[in-house]
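A.B. asks: Each chain is listed here by its residues.
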Amino acid sequence: GNSVTQMEGPVTLSEEAFLTINCTYTATGYPSLFWYVQYPGEGLQLLLKATKADDKGSNKGFEATYRKETTSFHLEKGSVQVSDSAVYFCALRENTDKLIFGTGTRLQVFP
Amino acid sequence: DGGITQSPKYLFRKEGQNVTLSCEQNLNHDAMYWYRQDPGQGLRLIYYSQIVNDFQKGDIAEGYSVSREKKESFPLTVTSAQKNPTAFYLCASGQRSANTGELFFGEGSRLTVL
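Taken in sequence, the protein lines are chains A and B. First residue of the first sequence: 1, per the numbering used here; consecutive thereafter. First residue of the second sequence: 1001, per the numbering used here; consecutive thereafter.
There's no promise every hint is true.
[What the hints assert, rightly or not] Okay, the calculated bits of chain A under chain B, using three or more residues with CB under 8 Å as the criterion:
{"id": "1", "region": "44-56"}
{"id": "2", "region": "102-110"}
[Said to hold, decoys possible] A few chain A residues that face chain B, going by a derived Cβ cut-off under 10 Å, partial list only:
{"id": "3", "residue": "Q6"}
{"id": "4", "residue": "S32"}
{"id": "5", "residue": "Y36"}
{"id": "6", "residue": "Q38"}
{"id": "7", "residue": "G61"}
{"id": "8", "residue": "F62"}
{"id": "9", "residue": "G78"}
{"id": "10", "residue": "R93"}
{"id": "11", "residue": "D97"}
{"id": "12", "residue": "L99"}
[To be verified] Straight-line alpha carbon distances no greater than 20 Å define the calculated EDC-like cross-link-like pairs of lysine to aspartate or glutamate that follow:
{"id": "13", "chain 1": "B", "residue 1": "K1071", "chain 2": "B", "residue 2": "D1030"}
{"id": "14", "chain 1": "B", "residue 1": "K1009", "chain 2": "A", "residue 2": "E42"}
{"id": "15", "chain 1": "B", "residue 1": "K1009", "chain 2": "B", "residue 2": "E1107"}
{"id": "16", "chain 1": "A", "residue 1": "K56", "chain 2": "B", "residue 2": "E1102"}
{"id": "17", "chain 1": "A", "residue 1": "K68", "chain 2": "A", "residue 2": "E94"}
{"id": "18", "chain 1": "A", "residue 1": "K52", "chain 2": "A", "residue 2": "E76"}
{"id": "19", "chain 1": "B", "residue 1": "K1083", "chain 2": "B", "residue 2": "D1059"}
{"id": "20", "chain 1": "A", "residue 1": "K77", "chain 2": "A", "residue 2": "E15"}
{"id": "21", "chain 1": "A", "residue 1": "K60", "chain 2": "A", "residue 2": "E76"}
{"id": "22", "chain 1": "A", "residue 1": "K77", "chain 2": "A", "residue 2": "E16"}
{"id": "23", "chain 1": "A", "residue 1": "K77", "chain 2": "A", "residue 2": "D54"}
{"id": "24", "chain 1": "B", "residue 1": "K1057", "chain 2": "A", "residue 2": "E94"}
{"id": "25", "chain 1": "A", "residue 1": "K60", "chain 2": "B", "residue 2": "E1102"}
{"id": "26", "chain 1": "B", "residue 1": "K1057", "chain 2": "A", "residue 2": "D97"}
{"id": "27", "chain 1": "A", "residue 1": "K52", "chain 2": "B", "residue 2": "E1102"}
{"id": "28", "chain 1": "B", "residue 1": "K1071", "chain 2": "A", "residue 2": "D97"}
Quick caveat, the hints were computed from the structure, so don't treat them as lab data. In this text, a Cβ means the ideal position worked out from N, Cα and C, and glycines have one as well.
When you get a sec, could you build the whole thing from the sequences and use the hints?
C.D. replies: Structure below.
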């Protein structure tokens, strides 16, 4: 079945460091891919998405490119801030209408 | 403002009691979902509904029940049969049509069994 695998956290960085959170997926067809962010005690917010191969989603300085050849959707940011500290979820959605999530990666950014 | 409202935000329950979590949306979405979040396990799907008066079991439906009598509302009941109900519960909604659409989430309800 479809699945999403994320790198385990926590990821600990200093402010202004470069961020990469790896995400790979398994799907039978052509899913849409998403990154969601969850701040402490809150629900999930959509960060970015890509709906087909080679699409690049971007928002708030974060980027991710839909790589069909490597079945990956890695999240990157050139310079993180303390306010980026949160849990990040990679997800896919295919024909079943369900959103399938990875286990989440906690990011901690220190001044 | 359009969005999803979950209530209550915090709920305490004694063992053996049923509790119902409310989820209301005014986004005119056809599909609604309930997820459970446990530390280190990500989000797991409990139930989902793609249209009024219809719903399907997700991956961990045992011990839970839902109803979808109105498009705007999708309440979740955690029954006494749920063996480990302490968790953070998230409701979401989205357009039913294409698989390209994102889901929109509520702020969550934290249930603690005493």
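A.B. asks: Hint by hint, note whether the structure agrees.
C.D. replies: Here's how the hints hold up against the structure:
1. Proximity of the region 44-56 of chain A to chain B, defined as three or more residues with a beta carbon under 8 Å from a beta carbon of that chain, is established by the 5 residues found.
2. Here's how the region 102-110 of chain A fares: 3 of its residues keep a CB closer than 8 Å to some CB of chain B, so the rule of at least three is met and the hint holds.
3. Restraint check, A:Q6 versus chain B: the minimum CB separation of about 8 Å is within 10 Å; hint holds.
4. Of the supplied interface hints, the one on A:S32 holds, with its beta-carbon coming within about 5 Å of a beta-carbon of chain B, less than 10 Å.
5. Against a cut-off of 10 Å between C-beta atoms, the interface hint on A:Y36 holds, since the closest Cβ of chain B lies about 8 Å away.
6. With 10 Å as the threshold, the beta carbon of A:Q38 comes within range of chain B, its nearest partner Cβ sitting at about 9 Å, so the hint holds.
7. A hinted interface residue such as A:G61 counts as satisfied when its beta carbon comes closer than 10 Å to some beta carbon of chain B; here the least separation is about 19 Å, so the hint is violated.
8. Residue-level restraint check for A:F62 is violated (minimum Cβ-Cβ distance to chain B is 15 Å; threshold 10 Å).
9. Interface restraint check: A:G78 against chain B, minimum CB-CB distance 24 Å, threshold 10 Å, status violated.
10. At a threshold of 10 Å, the smallest CB-CB gap from A:R93 to chain B is about 5 Å, leaving the interface hint in force.
11. The interface hint given for A:D97 is met, as the beta carbon of that residue sits about 6 Å from the closest beta carbon of chain B, less than 10 Å.
12. Residue-level restraint check for A:L99 holds (minimum Cβ-Cβ distance to chain B is 5 Å; threshold 10 Å).
13. Our distance criterion of 20 Å between C-alpha atoms is met by B:K1071 and B:D1030, whose separation comes to about 7 Å.
14. A C-alpha spacing of about 10 Å is found between B:K1009 and A:E42, which places the hinted pair at or below 20 Å, so the restraint holds.
15. Under the criterion of a C-alpha separation no larger than 20 Å, the hint pairing B:K1009 with B:E1107 is consistent with the structure, at around 8 Å.
16. Using a Cα cut-off of 20 Å, the hinted pair A:K56 and B:E1102 holds, with the two alpha carbons roughly 16 Å apart.
17. Of the supplied pair hints, the one linking A:K68 and A:E94 holds, its CA atoms being roughly 14 Å apart against a limit of 20 Å.
18. Taking the CA atoms of A:K52 and A:E76, the gap is about 18 Å. The hint holds against a cut of 20 Å.
19. For the hint pairing B:K1083 with B:D1059, the CA-to-CA distance comes to about 15 Å; that is within 20 Å, so the pair holds.
20. Of the supplied pair hints, the one linking A:K77 and A:E15 holds, its CA atoms being roughly 11 Å apart against a limit of 20 Å.
21. Pair hint A:K60 plus A:E76 holds up; C-alpha atoms about 11 Å apart against a cutoff of 20 Å.
22. Annotation: proposed proximity of A:K77 to A:E16 holds, straight-line Cα distance about 9 Å (limit 20 Å).
23. Between A:K77 and A:D54, the direct Cα distance comes to roughly 18 Å. Compliance with the 20 Å bound is thereby established for this hinted pair.
24. Of the pairs offered as hints, the one joining B:K1057 and A:E94 holds, with about 17 Å between alpha carbons and a cut-off of 20 Å not exceeded.
25. Simply put, A:K60 and B:E1102 have alpha-carbon atoms about 17 Å apart, close enough for the 20 Å limit, and the pair holds.
26. Among the hinted pairs, B:K1057 with A:D97 is consistent with the structure: their alpha-carbon atoms are about 13 Å apart, no more than 20 Å.
27. Between A:K52 and B:E1102 the CA atoms are separated by roughly 14 Å; this keeps the pair inside 20 Å, and the hint holds.
28. At roughly 17 Å between alpha-carbon atoms, B:K1071 and A:D97 fall within 20 Å of each other, so this suggested pair holds.
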